[in-house]
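Dock chain B against the given chain A, drawing on the hints supplied.
Protein chains in written order, with my numbering: chain A, 8 to 800; chain B, 4 to 142.
Hints in this document: simulated from the structure, not taken from any laboratory.
For each residue, glycine too, the CB sits at the ideal point set by N, CA and C.
One or more of the hints may lead you astray.
To give a feel for the contact side, a few chain A residues facing chain B, derived at Cβ under 8 Å [what the hints assert, rightly or not]:
hint, residue
1, D665
2, G745
3, L773
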Amino acid sequence: MVSDTPSTTLFVLLLPFIAALIAPALTRRLGHNAAWVLALVPVTIFWHFATFLPEISRGEVVTGGFQWIPAFQVNFSWFIDGLSLTFALLISGIGVLIVLYSGGYLKGHAHLGRFFSFILMFMGSMLGLVASDSFLMFFVFWELTSITSFLLIGFDHKREASRRAALQALVVTGGGGLFLLAGLLMIWNITGISELSLLLLSGSPLADSPFYIAVFVLVLGGAFTKSAQFPLHFWLPNAMEAPTPVSAYLHSATMVKAGVYLLMRLNPVLGDTVAWETVLPIFGGTTLIVGTLLAIRQTDLKLMLAYTTVSSLGLLVMLTGFGTEKAIAAAVLYLVAHSMFKGALFMVAGCIDHEAGTRDVTKLGGLMAAMPITFAAALASAVSMAGLPPFFGFLAKEEIYYGLWGVDAWPLLLTLVAIVGNGLMFVIGFAVALKPFFGQKKPELSHAHEGPVLLWLGPAVLALASLFTALFSGVSHEFISIPMASAVQGEPVSVYISLIPHIGMPLLLSGVTVAFGIVAYLNVDRLRAVMARLLVAIGWGPDRGFDQFIRGLVLASFSITKVAQPGRMEIYMRVTFILVIIAILAPMIFFGELPALPTWPSDPPFYELAVYELAIMAIAAVGLVAVIYANNRLTAIVSLGIQGFAVALLFMLFGAPDLSFTQFMVETLSVVILALAMTRLKLTPADHRPVGRRYLDMTIACFGAGAFMLMLLKVTQQPFDLTLSEFFTTYSLSVAYGANIVNVILVDFRGTDTWGEIGVVMVAGLAILSLIRINKRRAAYIAANDPYQEERE
Amino acid sequence: MRTLIFRTVAPYLSSLMVLFSIFVLLRGHNEPGGGFIGGLIAASAFAIYGVACGVSPVRRALHYHPMGISGAGLLMASIAGLVSIFAGVPFMTGLWFYVPAFGTELKLSTVLLFDIGVYLVVVGSITSIALALEERTED
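Pulled out of the complex, with its shape left as it was, chain A reads as follows (with noise of 0.2 Å):
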């Protein structure tokens, strides 16, 4: 293991919410250039992770970290390996393109510099999350990629359908990151460890363990959420309501791979069993499928595209789950060619839209001669996607073949839906790909052209790159899926594919493919008629199942809240009473705990009580003989007053004066306040209750002044403790410098919890404010603006 220095590497991970923090300044003052600027931080990222290359293509490792909470063995600690590494060289790399491809798509618009902002936080969390080594360092990015791409998705606020899709990515992605939580803890639990570098050599007590198959469903939960498998795969397309370039990034390089990443993860602790190796490919090729289908019925160029990142999605789990070397092999290679290939064609489609003001692919056309260097990089992107030489997508799906192809039932099945998956997709590529550019030139598309440098350098650079490691294929290898395949497998790989593909079934394989792909592609207007049809005959998906369950939660909150919380202040009252007298009384009944009741009139002797002791005890008497008696409620405030001030005197008499001080003041003020509120109301003169009910609450009221009395009695009984008393008397003066031994409780001793005190009351006071506040005019605002009225009604 080779270990770093620390505070660079915790420097870089810091970076981008560092830039996050100065880029709405930065942008105010540069306006859209400032993406060149702030592209600078992905830039120095990737470049501290290409420094690395050399150790991890050795198959050494990088770790560091921080102690983070001791006392609990949890750090803040990373660790880069092949896997991680050719995740923070993608986030970052592709993270430079959409830096620029930002400023470049959004200039102009008002909030470029928050939308900056956000995307370098999301850059942050996943860069994060593919370095973690602690459980709960990569929970927390884990979690912190869902909000980043919450605010993301809803970038554009303003739109329902924006909102709806961000909230819809959250509560999908953030539910499964709480399976994941739950997960990572079993795994913790059982294993003893909390580090995930320390998991992968600790060899395999996780498959053995009776709890295996709680783990893996957790943490399947989570994975499956956050790569959109079938059926979650709806919030997927629904996060194409963000501007492209988040489209772009979230799927060519980051978020939605973050669950393909975990189970690369932790597949050498996880897999090699036959629940991973049943449930994986089973989960994977039906997303595949489903993936593609649903790919084929878009017309949006966005929309198509988010769709096959579905089916690539599953894909890549599929081959995961079947765990062979050479399936990892193939489908590390598909991830990195995905990721190059993907984010470029999102980019042209955001270049089209940008330039042509359309993304159906039923309005657009002629584009070629317009816009010359997109449509390049398009056409070199889809070759790459349909698996066509030259370009990295070819290497990856011979290898895929390659890596799949047997003579047994299993094999035999996932190879014929990676033939489907594979020729739909060479479909769809090409869709994207040609039909913009080729055929009849709309006439309300004349305006389009070429789009200025900073939108069409990305599609270039990841087309190029598409090329480049495929011509070098020993170098690519070399450095990323050799080790990258090796962290995945647990053990050495060696990946060897290149331009010279397998000679022999893969390559057969490969050809059949094609063929499929050109045979639907020419019919591909007549497949999307027919999987409209299909899909409006089936008439539900998970999508629509998403809003039935989000209003359905609604609508069970309601109707417990209808028995819970009636609204009726008496009813409250009298649940509470009841309630805290059987928590008084019973325990004291049950075990045997009653006090011991003072023997009248000997014990305690009332002939010692001074005369006036006797007087303040017959002025609370009055009080409350003066509250039952009270014809209005604004007498009965001030009776109840009369009360409370003879239990201040009391105090005061036994030697309390801070706290008989304080009951004063605070008996004046209540009496003060609840007369105003009192004002407020209508003054009933007189009580309006039945008798009956009368005669219940009267019952409850001696019932708690009974067990009350029972309670003080008791709590008098017990031997008194003085350490705290001790304590407080020798250190209040020679500590903190005060005699009034309250005072100095409260301000010095347990300062913390005054202060805490103190902030409560204060937004105790806000909200009373803000509840006196609401005027009718509000309040008949709010009623008329409640969605769910009609449905409770």
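Relative to chain A, chain B alone:
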């Protein structure tokens, strides 16, 4: 409640109460008193003034919104706690300074600052509730 006697007495009564509340606040470390009770006294003073003479004179006299005073108090208390971190001792540790002034020695401390913070939070919050209740905006 706006009787002539009450209205005449209220300003004097309120000013005395505010003065008294500051006295109670400052003596709190050694004698019965302190920020909380001082704050309650001052809040009652404003409430009484408001009941007697109406809300707007109180608001004018306070100059700042009571909630703003409350927020300033919370900030003050937080600063009193944070100062100790910069002095290299745990959060909320009291620091004492002895300043010679007026021929005697003034004992200043972050604890006092904290107590003043408590005072302001209580004054602000309770006063704003009382004043809002007195205002009766909606009718």
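> Of the hints given before, which are not true for this structure?
Replying inline: none
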